[in-house]
Structures are given as structure tokens and as C-alpha cells.
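Line by line, the protein sequences give chains C and B. Under this note's numbering, think of the first position of the first sequence as 1, with each following residue one higher. Under this note's numbering, think of the first position of the second sequence as 1, with each following residue one higher.
Hints are computed from structural coordinates only; laboratory data are not their basis. Just so you know, not all the hints are guaranteed correct.
Unchecked claim - To give an idea of the chain B side of the interface with chain C (calculated C-beta under 10 Å), a few residues:
hint : residue
1    : L72
2    : V275
3    : S320
4    : L332
5    : V334
Please read all numbers here as calculations on a predicted model, not as lab measurements. Quick reminder that beta carbons are idealized off the backbone N, C-alpha and C, glycines included.
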Amino acid sequence: MSILVLLLITGVGLGALYFLVASGLSLIYGLMGVLNFAHGSFLTLAGFIGWEVGRRVGDGTWGGLLVGMLVGVVVGALVAALTELVFIRPLYERHIEQVLVTVGLGLASVALFEGIWGTDPIQIRLPAWLGETTDVLGANIPNDRWLLIGCAILVLALIVLFLQRTSYGLVIRAGVENRTMVTALGIDVRRAFTIVFAIGGAAAGLGGVLASVYYGQVSAHQGTSLLIFAFIVTVIGGLGSLTGAAIASVLVAVIQQLANFYGGWGDFAVVLALALVLLFRPTGLMGKVKH
Amino acid sequence: MRTFLHSRWGKLAIGAGVVAIAAILPLLDIRIPGVLPGPTYTPGTLSMLAYAMLIAALALSYHLIFGVAGMLSFGHAMFFAAGAYGLGILLSLLAPTGMPPEAVFLLAIALTLVLALVLGGLVGALALRVTGISFAMVTLAFAQAANVLIRRNTAGLTGGEEGVRIETDVVPELLVGVVNTRNLYWLALGILVLVYLACLWLERSRLGHVVAAARENELRVTVLGLRPYRVRLFVFAAAAVLGAIAGMGFMLLQSSATPRISTADFTLTLLVIVVLGGVGYRWGAIVGGIVYTLLDQRLADLASAAWIQGLPDVLRIPLSEPLFLLGMLFVLVVMFAPGGIVGLAHRVSRRRGGARDATRPEALQDVEA
Chain C
1 MSILVLLLIT
11 GVGLGALYFL
21 VASGLSLIYG
31 LMGVLNFAHG
41 SFLTLAGFIG
51 WEVGRRVGDG
61 TWGGLLVGML
71 VGVVVGALVA
81 ALTELVFIRP
91 LYERHIEQVL
101 VTVGLGLASV
111 ALFEGIWGTD
121 PIQIRLPAWL
131 GETTDVLGAN
141 IPNDRWLLIG
151 CAILVLALIV
161 LFLQRTSYGL
171 VIRAGVENRT
181 MVTALGIDVR
191 RAFTIVFAIG
201 GAAAGLGGVL
211 ASVYYGQVSA
221 HQGTSLLIFA
231 FIVTVIGGLG
241 SLTGAAIASV
251 LVAVIQQLAN
261 FYGGWGDFAV
271 VLALALVLLF
281 RPTGLMGKVK
291 H
Chain B
1 MRTFLHSRWG
11 KLAIGAGVVA
21 IAAILPLLDI
31 RIPGVLPGPT
41 YTPGTLSMLA
51 YAMLIAALAL
61 SYHLIFGVAG
71 MLSFGHAMFF
81 AAGAYGLGIL
91 LSLLAPTGMP
101 PEAVFLLAIA
111 LTLVLALVLG
121 GLVGALALRV
131 TGISFAMVTL
141 AFAQAANVLI
151 RRNTAGLTGG
161 EEGVRIETDV
171 VPELLVGVVN
181 TRNLYWLALG
191 ILVLVYLACL
201 WLERSRLGHV
211 VAAARENELR
221 VTVLGLRPYR
231 VRLFVFAAAA
241 VLGAIAGMGF
251 MLLQSSATPR
261 ISTADFTLTL
271 LVIVVLGGVG
281 YRWGAIVGGI
291 VYTLLDQRLA
301 DLASAAWIQG
311 LPDVLRIPLS
321 EPLFLLGMLF
331 VLVVMFAPGG
341 IVGLAHRVSR
351 RRGGARDATR
361 PEALQDVEA
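The whole structure should be built from the sequences, with the hints applied where relevant.
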């Protein structure tokens, strides 16, 4: 029982990380039809810079970590918005080329990160509390999972509030449903593109700093490995659906944790889940959008 | 002269000429400083050129899927790895059976081809049930699963991170060792020509036309009473087999294979090569493959050059990462030269001939999901 509780909560913690990456991917794809291969790089860069700033403010303290998270959010948003303006916008409506550009950026940026920070992972110091465990129904849950889950819930709430309560959110939601109609009504959707990229980048940036908390290290390949799972989550949840991404993140991570524990086949279980979902429900769990 | 060069016999003559020149390279002493590491007859240069040609062959097989059929697959490295690992593993499994070495060698090749065909057919049959980005994701997921299998040293066969070494006892002597690099070079050239001819035949066949038509307008092909699913599956499986052939050549050339050739990054490199050369052009895949490999090797040498090491960090770090430079080059090509290298060449030659303006290759516009 206690093992099951541990696996479930750890799974939800990992799912929180997936969600931070997948939410941006899903929104970007839903609105613009672009599968963003550079998303992992936003995450890695934010992780590195968040760590660099955080350790200068206070290595291994809460202050340092919080500043690092804030910096990660800002860096992620800025880099993502810049990517959209410089690389994606000139290729307006040419989806395959947009994907190719993000592929190139992803490859190039990882090489650059390796050049700057080295190929080996760098161990980081964290506040002592995050290294301890809390007892839940007899299971010792590592405390960093609570931080991850809390942050993901906060991000989910903020994005939902933004989408439901602001006029830009309205444009974005309408754009995901039917972009041609929104354009025909005289609304400039392109500004919404930049905003969606910035939001996705901010979430990924926070995810980058939290990934370094989860793994206890920062490395140039952190983003790439998370990105593949985030893609799978996005497709399972339904491209363009935020709720789908949230549900699928938790589902995928929990399946992965359980399969990893009972037999070590976590990665296969995830691929199998993807194959099954695509065979029986090609648009994903919550997907409606077709491009 | 111009009309002759554009006629069927002219093209055939050019092709034969290029192959002939490539074939006699090992006998010549050509030095191109900055491009080749040494004279063309040295084993180092030959093995690099052979590697470049195998990558070009692999890129050609990917061109069938991406350029001709318009399917964005992220799993093609899986078939290259299947060829390399399949040959290596089967050779070491069959070697102790006591059959004559020639029989073992041929049997291993035949079985690897069957393996690639079955794998290609199975993955294709599943993945082709969806289209567009979902197709890309399914292929990515399968390739990822294959990569995990290989890295885990499944059943003690794939050797984990160390990879697989080839059993040299059962490989014909002509293809073993540095002394015989020349033969391996000719083998690689042969594989490239074979894959090229297979692509040519496939593209010119009725099936090739149906696949291209399905890329342009799937609904119309369906209305005409044809089934895009079947022809796509055939092309996917054929590309898998051709990719596996390139993989077998790679195994013989390098005498070992590591999990690197099964990663998603390796497939992305293929995508980069095909786009760099020019999507939709057969020659694009070949030119892209060779240019990319040469650039990759030379940029790595450049990184260790003294004048680069002396630069300040801001310049030194980006310049000493070949993949960074290639990635940025790729981004520039996608943004400013959508036809790639071959597309640029076409544009230049057409402008000179005063003919109509070069158009964008149609393949790129229509792959869209």
C-alpha cells in the first residue's frame, strides 16, 4: 500500500513536470499548427540561467531557488517570444517549414549549451527541506514532489484564468477553435501567436528550474529527453487541449512509474499507451481540433 | 549541347560519368585541402567518403518517405540501426553453427533484409493509420522504443552502450581491415548506386505516381478508386529495406555499431540532410548527405584549430560546436533557400538559360498536415 502511494504521488510529481512542458506545446500547436521542437531548449536554457542566477543570490537557500524560478519564467518567456518573432513569423502559414526551423534551433541550441556548460550534468544544491521526506499513509514522499505539484497546479490555474477571463484569452480560445473565422472578424491573430509562445515558454522555463530540482542536476540534454515525453503527452491528451494535456501528463507519468517499478518497462508502457490511444482515438483523449 | 544534356541519354551519360569518376577516386592522388583530410587514395579519406556515401544512401531512402510520399517520419534511424545491428548480431549468432563463412555471410544479409521488411511493414501498418503530425509522433515513439531496446542490451544481444562489433571471421576477407578500405569504398558506392536506382524505379513506377498523387491530393486519389494506405505502406517498407541496406554497409565499414545510430537525433540529422540538399530532389538527398558529412567532419577539425582556440569565448564556443553551425545553416536554408542546395543550383541555371522563374519545390508545400 505504502509503495503504491509513493508511486502514485511520485508519478503525479513527474506528471507536473510533463504538464509544464506539454501545456505550452499543446497551446502552440492548437493555435498555430506548429509542433515546437525548440521547446526543450527553452526549458534547458531557463534551467541553466535560473541555476546560475539562483546560486549567486544564495546557493542552496529558498531565496536562491525562488529567484531562480522567477528568472526561469522570465527567460523562458523572452526566449520563446523572440523565437516566434524572428524565426516562426517570417514563415507564416508554412507549417512544415516552421517545424523544420524549430528542429534546427533545437539541435543547434543543445550543441551551444554543451559548448558553454559542458556535456556532463552539473549537480546543484537545494534547500534542505526539499531533500527530506514527508510521511503520507506510511509512504515517505520526497518533499520536492509537493513543490512540483503545487507549481503545476498554480500554472494550470493561471493559464485557465488567462484564457477564460481576459480578452486575449478569448482570442486564443477562439483561434484554437477556428482561426480563419477569427481573422475574418478583423482580429490580428499574430499577436496572440507571440503571447501563446511567451506563455508556453514561461511554463517551460519554470519547468526547467523544477526539472533541475527533480533530478538534482542541470544538463544540456534535460530538455530533449523531457520533450519526447511531452510530445507523447500532448498527442495522448489531444493536440490543442489544455485539459487533455493536464490529464494525459498525470496518466502517462503514473503509468510510467508503475511500469518502471513492476518490471522496468516504463518507456515501453508509455509508447504502448500512445499506440493504443492513436489506434482507437486518433485525435487524442480530449482532442477536437483538426488542422 | 544543352538539349543533349537534358535528354534521357544525356542524363544517363552524366550519371555514368559521375559514378565512373567516383569509382576511380581510390586510384588517384587528388588533394583538396580543407575539404578532404588527405589524398584520395589514403584509407582515412576513403573511409570518410564511404561513410558520406552511405549517409547519402540513407538520406535517399528517407527522401522516398519525406520527399516523394510527403510523410514526415521521425523513426527512420530505426531501420538503419536494424540493418547495422541485424547484420552484426546475426553474424555472431550464425558464426558458431559451423556453416561455411560465405554461406553465413549471405544468410545473415538475407535475414537482415527480411527483418527490415517485416519491421518496416509492421511499423508502417500501425503508423499509417494516422496522418500528419500524429504519424510523425507514432514513428518517433516506435523509434524511441527501439532505441531503449538497443541501449538496454536486450537479451544480451545489442551490447548496451558499448554496441555490437562485427564477427570478422565470417566476413569475406576482401571487406576486412584498413588495407581493404578501398573495397569498402567501392561497396559503399555500389550501395549508393543501388539505392539510387531503386528510388528512380520506384518513383517512375505507377505506384510511385500514385504515392506522389496522394501527397498532392489524398481525397482525389481516393475518389479515383485507389487506396493511398497500401501504396504508402509499400513505400514505407521499401524505404525501410533500403535504409537497412545502408545500415549493413555502415556495419561493414565501421565494423561496429553504437546506440547513437538509433536515436531520434540521428533521424533529425537525416531530415536536416534532405532539406539541406533540397526536398523532393533525388540528387538533393545525395548532395546533402555528402556535404553534411564532410562539413560535420571538417568543422570538428576546425574546432580544434589553433586560431579558433585563441578567440574570446563569445566566438570560440559557437565556432567549436559543429552541430551548432550546421543547425544554424539548416535554419538559414529553410528560411531563405527553401529548395536547398539543388534548388539553388536549379534556380541559377534556369535564370542563366532565360527560362521561366524557378518555383518552390512542390513537395514542401504539400507535406503539411
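Okay, the hints, checked on the actual structure:
Annotation: interface hint on L72 of chain B holds; nearest CB of chain C at approximately 7 Å, less than 10 Å. Interface hint at V275 of chain B: satisfied, since its Cβ lies 6 Å from the closest Cβ of chain C, which is below the 10 Å cut-off. A cut of 10 Å between beta carbons decides the hint on S320 of chain B: the least distance to chain C is about 6 Å, and the hint holds. Annotation: interface hint on L332 of chain B holds; nearest CB of chain C at approximately 9 Å, less than 10 Å.
Given the 10 Å rule on beta carbons, the hint for V334 of chain B holds: about 5 Å separates it from the nearest Cβ of chain C.
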